[in-house]
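Here is what each chain is made of, one letter per residue.
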Amino acid sequence: MTTQVGVLPQSTARPATAVAGGQRRLPLRRQLLLQIVCIFIAATVLFPVLWIVSMSIDPRNIARPDGLTLIPPGASLAAFDQVIAQPTANPVSFLRLAANSLLIAAIICVASVGVGVLAAYAFSRMRFRGRETLMIGVLAVLMLPAVATLAPLYVMLSKIQIGAFNLRDSLFGVALAVTSGTLPFAIWNMKGYIDTIPRDLEEAAAVDGASKFQTFWSVILPLSTPVLAVTAFFGFLAGWTEFYFSWQFLDHPQDFTLAMALNGMVGAYGTTPWSQFSAFAILVALPVAVVYLFLQKYIVSGLTIGGVKG
Amino acid sequence: MSAPALASAPPSRTWWRRTQPTRTAYLFLLPAFLVMAVITFYPLVFQVWMSFTNYGLENLRSTAPAPAYVGIDNYLRILQNNIVIVNFDFVRVLVFNLWWAFSNVVIHVVLGVLVAIILNTPGLWLRRFYRAIYIIPVAIPPIIVATIWKNMFDPTNGAINFLIAIIFRLPPGGFTLDWLNQPNPIIAAGAFVLPLAYFALLTANVWLGWPLNSVVATGALQSIPHELYEAAEMDGAGAWAKFRTVTLPYLRPAMLPFAIYGFVVTFNLFYLSYFMSGGGPFGQTELLVTTAYRLVNEQQLYGVAAAFAIFQFFILLAITLVTNRLAKVTAQFDG
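Heads up: the protein sequence lines correspond to chains W and F, in order.
Our numbering puts the first sequence at residues 1 to 310.
Our numbering puts the second sequence at residues 1 to 335.
Among the hints, a few may not be true.
[Claimed, not checked] With beta-carbon atoms standing in for the labels, derived distance ranges:
no., chain 1, residue 1, chain 2, residue 2, range
1, W, Pro222, F, Thr176, 55 to 63 Å
2, W, Phe47, F, Ala318, 53 to 61 Å
3, F, Ala188, W, Phe47, 44 to 52 Å
4, F, Ala188, W, Ile162, 37 to 45 Å
5, F, Leu98, W, Ile197, 50 to 58 Å
6, W, Gln254, F, Leu34, 29 to 37 Å
7, W, Phe47, F, Trp240, 31 to 39 Å
8, F, Asn87, W, Phe172, 45 to 53 Å
9, F, Leu30, W, Pro226, 25 to 33 Å
10, W, Val290, F, Ala318, 50 to 58 Å
11, W, Pro73, F, Phe199, 52 to 60 Å
12, F, Trp240, W, Val37, 15 to 23 Å
[Claimed, not checked] Chain W side only, calculated, beta carbon under 8 Å to chain F, not exhaustive:
no., residue
13, Phe128
14, Thr149
15, Leu237
Keep in mind the hints are simulated off the structure, nothing from the lab.
Virtual Cβ for every residue (Gly too), placed ideally from N, Cα, C.
Here chain W stands alone, though its shape is the one from the complex (with noise of 0.2 Å):
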């Protein structure tokens, strides 16, 4: 029962559907009012998205639109070349607010995937004394939210002082303290998945005199590539839009991240015209999106699991 949820829709979905269309016609009448419904709802999601990216290529460079208007007339990429070049009144361009947004969503991705496949690993295939207590003390930082641990963090991290560098000042410090919300989950969800994965291959292994460790190796680890991406698409994303412990941590415009502008934008609403938001807003959310969606099959499966399993 509880695993099979999450494998059930790529599996036996397709025939079921499939017969089913095939067998019976949906009356012109009900399969226009459907129609209606859908396209409502269609216009309901693309609302924002459309209004966004009109604001965007608006060249008028005014504060604030003054209208709706899908693609206003004489519609330029000017925004996109002013934020890329300097977003914010920082002298600080989008490159280098992106490479510092960068290397702390790397440093994430490493860290909570790295680390936290193993771990996954033996709670999922092994059985120890402790296990039971390791796996709640897990659990238990799960259900926290990232802002659970600001205090102490800031706290400790600014103690930490070697010459000029504040570890709480920088980059580092920001990761290490993202991927203390992060490692948790990672482990949960990479645990989650491999409990799918059936056994005989392993113990094929074992019976061949593996060590568990190349088992996991050459057997578990490229079995659970759809979940190792997962999980580094979600430190990636974690790290690229990271804003709580950066808004925090940070002092020095030059280490400041892409959320940290976002926001200096928004609180600046008089003076960022709205077509820089605009285009800064899609630059960031561009290529995530464009990532979730190719990795959505494995995303949404991963989720009922860890749902299921949690």
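Given chain W's structure and the hints, the job is docking chain F onto it.
Just chain F now, kept in the frame of chain W:
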């Protein structure tokens, strides 16, 4: 289950051999728990100590003096609403936070299931096209969603008011309702206060939340054997009876755990409240997470913030225990 048994296959009585699987397991766990010990568990324990002190800005530098012990003062200050944040009311924030999560999840699940059923209608045109469109909100980072919706609800230049003006044939700029700052609450009954800003936040979060529920519901719907519907039809069941006796029992095991997950995620949803309404008006859309953030970020009351985090921990623990209980009780009905 059988893997560790195989590893210790040659029966051996020595302690060293017997504990071999445990030692291997701990070797695998070591890196993760080493990292978590330093950046997760130690800070959480440290936080308990902090919560009994008046830790503040002056204790921050590495050479600074240690903070003073203040007993349970910080806890009392929170319960007495004496934490410098204006308009803070612990009970009101908690009630709002619970209602926020509950109302969102109910709407997300109902809408998600409805849309999934519509898209699952046999013979519907453009099914794949709609599925591709409907997943878009899920793929956009929440912080971006929050800032876009703040902008959409702007009184004079926001897309929502433009749209309302067009629908009701008002002149351009003829509708300027300030959704996020309307001072008079729509509902105010004791600690239960819902300002207009709540409905704006709800709108944004419904936009963000239903599609993933719909995807999960679709998975469950497609796992229902079609013969069950045919059998129900032969028994003369109408649309509602089919939904109740066939669809619902298949949906529940998938949707209930996902709804619980959604409840916890929404309960802790920082971005919408922080960026859209800023917790306003008068702190009425503040959540526990945003309050916790303000205690550190704006008030620099680290000791109080630590005590607040301890409260949060127990509230979340209670929620987890209650929802798990709920899941078990309802699972029994499925047989």
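Tested hints:
1. Pro222(W) <-> Thr176(F): 55 to 63 Å: 59 Å, holds
2. Phe47(W) <-> Ala318(F): 53 to 61 Å: Given a distance of about 38 Å, which is not inside 53 to 61 Å, the answer is violated.
3. Ala188(F) <-> Phe47(W): 44 to 52 Å: 31 Å, violated
4. Ala188(F) <-> Ile162(W): 37 to 45 Å: 53 Å, violated
5. Leu98(F) <-> Ile197(W): 50 to 58 Å: 38 Å, violated
6. Gln254(W) <-> Leu34(F): 29 to 37 Å: For leucine 34(F) against glutamine 254(W), whose Cβ atoms are near 32 Å apart, the range 29 to 37 Å holds.
7. Phe47(W) <-> Trp240(F): 31 to 39 Å: 32 Å, holds
8. Asn87(F) <-> Phe172(W): 45 to 53 Å: Violated, at about 37 Å.
9. Leu30(F) <-> Pro226(W): 25 to 33 Å: 26 Å, holds
10. Val290(W) <-> Ala318(F): 50 to 58 Å: 40 Å, violated
11. Pro73(W) <-> Phe199(F): 52 to 60 Å: Since proline 73(W) and phenylalanine 199(F) have Cβ atoms about 34 Å apart, the given range 52 to 60 Å is violated.
12. Trp240(F) <-> Val37(W): 15 to 23 Å: 19 Å, holds
13. Phe128: At 4 Å from the nearest chain F Cβ, phenylalanine 128(W) passes the 8 Å test, so the hint holds.
14. Thr149: Where the cut-off is 8 Å and the nearest Cβ of chain F is about 5 Å from threonine 149(W), the hint holds.
15. Leu237: 7 Å, holds
Comparing the model with each numbered hint stated earlier shows that hints 2, 3, 4, 5, 8, 10 and 11 do not hold.
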